[in-house]
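Chemist: These protein sequence lines map, in sequence, to chains A and B.
Numbering (this note's numbering) for the first sequence: 8 to 233.
Numbering (this note's numbering) for the second sequence: 8 to 233.
Derived from the structure by calculation, the hints contain no laboratory data.
Incorrect hints may appear among the rest.
One copy or two, it doesn't matter: identical chains are merged, so the pair holds either way.
Below, a list of computed lysine-lysine pairs in the BS3-like style, where the Cα atoms sit at most 30 Å apart [to be verified]:
| id | residue 1 | residue 2 |
| --- | --- | --- |
| 1 | K191 | K95 |
| 2 | K174 | K105 |
| 3 | K37 | K103 |
| 4 | K105 | K95 |
| 5 | K54 | K105 |
| 6 | K174 | K215 |
| 7 | K191 | K61 |
| 8 | K105 | K59 |
| 9 | K37 | K105 |
| 10 | K54 | K95 |
| 11 | K95 | K174 |
| 12 | K168 | K103 |
| 13 | K168 | K21 |
| 14 | K37 | K191 |
| 15 | K168 | K191 |
| 16 | K21 | K174 |
| 17 | K168 | K115 |
| 18 | K14 | K103 |
| 19 | K105 | K168 |
| 20 | K174 | K10 |
| 21 | K95 | K168 |
| 22 | K111 | K10 |
| 23 | K37 | K95 |
Listed below, chain by chain, are the residues.
There are 2 protein chains.
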Amino acid sequence: MLKLCLKTINSRSKYDGIVQKRCHLPHGHKGRCDEFPFLRHFYEMDKSVADKIKRDSTMTTGAAWKSEDAGPNRILRWVMLLSDEELKNFGLDMSKLKPGIIAKLREKAADYDSCIEVALKLTWLVYQMEDAPQPPRAIREYLEGFFGQMDFGSTVCEVCKLPISFKLFELAQRGKAEIETCHKNPRLHNAENVGFAHRECNIAQGAKTLDDFYEWIEGILERSGH
Amino acid sequence: MLKLCLKTINSRSKYDGIVQKRCHLPHGHKGRCDEFPFLRHFYEMDKSVADKIKRDSTMTTGAAWKSEDAGPNRILRWVMLLSDEELKNFGLDMSKLKPGIIAKLREKAADYDSCIEVALKLTWLVYQMEDAPQPPRAIREYLEGFFGQMDFGSTVCEVCKLPISFKLFELAQRGKAEIETCHKNPRLHNAENVGFAHRECNIAQGAKTLDDFYEWIEGILERSGH
Numbered sequence: 008m009l010k011l012c013l014k015t016i017n018s019r020s021k022y023d024g025i026v027q028k029r030c031h032l033p034h035g036h037k038g039r040c041d042e043f044p045f046l047r048h049f050y051e052m053d054k055s056v057a058d059k060i061k062r063d064s065t066m067t068t069g070a071a072w073k074s075e076d077a078g079p080n081r082i083l084r085w086v087m088l089l090s091d092e093e094l095k096n097f098g099l100d101m102s103k104l105k106p107g108i109i110a111k112l113r114e115k116a117a118d119y120d121s122c123i124e125v126a127l128k129l130t131w132l133v134y135q136m137e138d139a140p141q142p143p144r145a146i147r148e149y150l151e152g153f154f155g156q157m158d159f160g161s162t163v164c165e166v167c168k169l170p171i172s173f174k175l176f177e178l179a180q181r182g183k184a185e186i187e188t189c190h191k192n193p194r195l196h197n198a199e200n201v202g203f204a205h206r207e208c209n210i211a212q213g214a215k216t217l218d219d220f221y222e223w224i225e226g227i228l229e230r231s232g233h
Numbered sequence: 008m009l010k011l012c013l014k015t016i017n018s019r020s021k022y023d024g025i026v027q028k029r030c031h032l033p034h035g036h037k038g039r040c041d042e043f044p045f046l047r048h049f050y051e052m053d054k055s056v057a058d059k060i061k062r063d064s065t066m067t068t069g070a071a072w073k074s075e076d077a078g079p080n081r082i083l084r085w086v087m088l089l090s091d092e093e094l095k096n097f098g099l100d101m102s103k104l105k106p107g108i109i110a111k112l113r114e115k116a117a118d119y120d121s122c123i124e125v126a127l128k129l130t131w132l133v134y135q136m137e138d139a140p141q142p143p144r145a146i147r148e149y150l151e152g153f154f155g156q157m158d159f160g161s162t163v164c165e166v167c168k169l170p171i172s173f174k175l176f177e178l179a180q181r182g183k184a185e186i187e188t189c190h191k192n193p194r195l196h197n198a199e200n201v202g203f204a205h206r207e208c209n210i211a212q213g214a215k216t217l218d219d220f221y222e223w224i225e226g227i228l229e230r231s232g233h
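For reference, chain A alone in the conformation it holds in the complex (with noise of 0.2 Å):
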């Protein structure tokens, strides 16, 4: 695999005790260094794709709104990998919240190497959907160099494996979210075990693994006479 910089990059945010952030350019490379050079074309090209990409592989999902107990928005997801009392320190109050929130934050908990594995992983992913634009030849390379040859056109829906259209990203935009970033384990966050899928697919999906949502769908016709 691609030896990185791996330099730490410096932020202001209040996490930053927790987890450096680092630079994921190549070892050895010129000017600034950079967390997410891979997304680089996408911030030029398409600003929503690459934060939506940034925002799944690092961010826990969160209510849109703010209140005691229906828990945080979005937060890190290797913050929630902290102790109930090390997130009192960032003002975060476990307690307060009810546990199936809890419950929630906690499964969504991932290192920080993991998830720069999982946007490295959707942006191989994505340039390889219908539609998708052509990716420059150095991040194609270097994500090449992570995950094989890309074949374009060839990213399929997790759950239903029918081809997703890049297309689809647009539809969000207008407010509602075609395309999911999909875990085949919910409970795993690592570039392995995720995907795209279509908002129905992963909704249909819900909490369950990919076989055992498999072997449900297939009871249901067996019983249904199907």
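Since the structure of chain A is provided, determine the placement of chain B on it from the hints.
Modeler: Chain B only, in chain A's frame:
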């Protein structure tokens, strides 16, 4: 079918001008008229179940909050049969709602008689759930007059066809509805088309008809190699 009283019942709802509520006791009954006599037993022993049947039969789904463009709270389904002009007289300005909300509200429209039939059907089904209480004889015979003989323990989820236990209603009281009213065709609210489903089954079905849902998951299993 049983001949009903059908005398109008006075109430103080602002919507009384649209539809007059009617008595559904048998024709020539003694005592006071009653719109939902078949729910009396549940109103005595488990009010939340009676409330749910009445609510799901007669009201649209609705936001739990009230804001200008999120749409109104639950509203009587037959009110949604009125024109935009008529609705203004009831303080509801449809032109202020988002197109998606309008479509959803209009889709839930149903006339008064269909709603009563749905309530009858759901009550008949609840008594046939596993672990359900025995209906008083008068209510049993009344409901059987509409939908045929009861077969106790025979009510299954409309989607997955597994039995549904009456005990799941209790979970709803602790915040999470585990049994939902389900429509084989989500755009038809009548006795033939309704039943109960597990929450996760209802969510998986989404806006699809049951036939389309089964076809969809057949395709998923095929493409995923199951």
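Chemist: Does each hint fit the structure? Answer for all of them.
Modeler: To see whether the hints hold, each was checked on the structure:
1. K191 with K95: This pair counts as neither: shortest intra-copy Cα distance 32 Å, inter-copy 48 Å.
2. K174 with K105: Intra 38 Å, inter 23 Å, cutoff 30 Å: inter-copy only.
3. K37 with K103: neither (48 Å within a copy, 55 Å between copies)
4. K105 with K95: For K105 and K95, only the intra-copy Cα distance (16 Å) is at most 30 Å; the inter-copy one is 41 Å.
5. K54 with K105: between (35 Å within a copy, 26 Å between copies)
6. K174 with K215: Both: 28 Å inside a copy, 23 Å across copies.
7. K191 with K61: Answer is within; shortest intra-copy Cα gap is 19 Å, inter-copy 39 Å.
8. K105 with K59: both (27 Å within a copy, 25 Å between copies)
9. K37 with K105: neither (49 Å within a copy, 50 Å between copies)
10. K54 with K95: For K54 and K95, the Cα distance exceeds 30 Å both inside one copy (34 Å) and across copies (42 Å).
11. K95 with K174: Neither: 42 Å inside a copy, 39 Å across copies.
12. K168 with K103: Answer is neither: 41 Å inside a copy and 39 Å across each miss the 30 Å cutoff.
13. K168 with K21: neither (41 Å within a copy, 51 Å between copies)
14. K37 with K191: neither (38 Å within a copy, 61 Å between copies)
15. K168 with K191: both (13 Å within a copy, 26 Å between copies)
16. K21 with K174: neither (36 Å within a copy, 47 Å between copies)
17. K168 with K115: Result: close within a single copy only, 25 Å intra versus 32 Å inter.
18. K14 with K103: neither (37 Å within a copy, 53 Å between copies)
19. K105 with K168: Classified as neither: same-chain Cα gap 36 Å, cross-chain 32 Å, threshold 30 Å.
20. K174 with K10: neither (33 Å within a copy, 58 Å between copies)
21. K95 with K168: neither (43 Å within a copy, 47 Å between copies)
22. K111 with K10: Close neither inside one copy (35 Å) nor across copies (53 Å); limit 30 Å.
23. K37 with K95: neither (40 Å within a copy, 66 Å between copies)
In this structure, the earlier hints numbered 1, 3, 9, 10, 11, 12, 13, 14, 16, 18, 19, 20, 21, 22 and 23 are contradicted, and the remaining ones agree with it.
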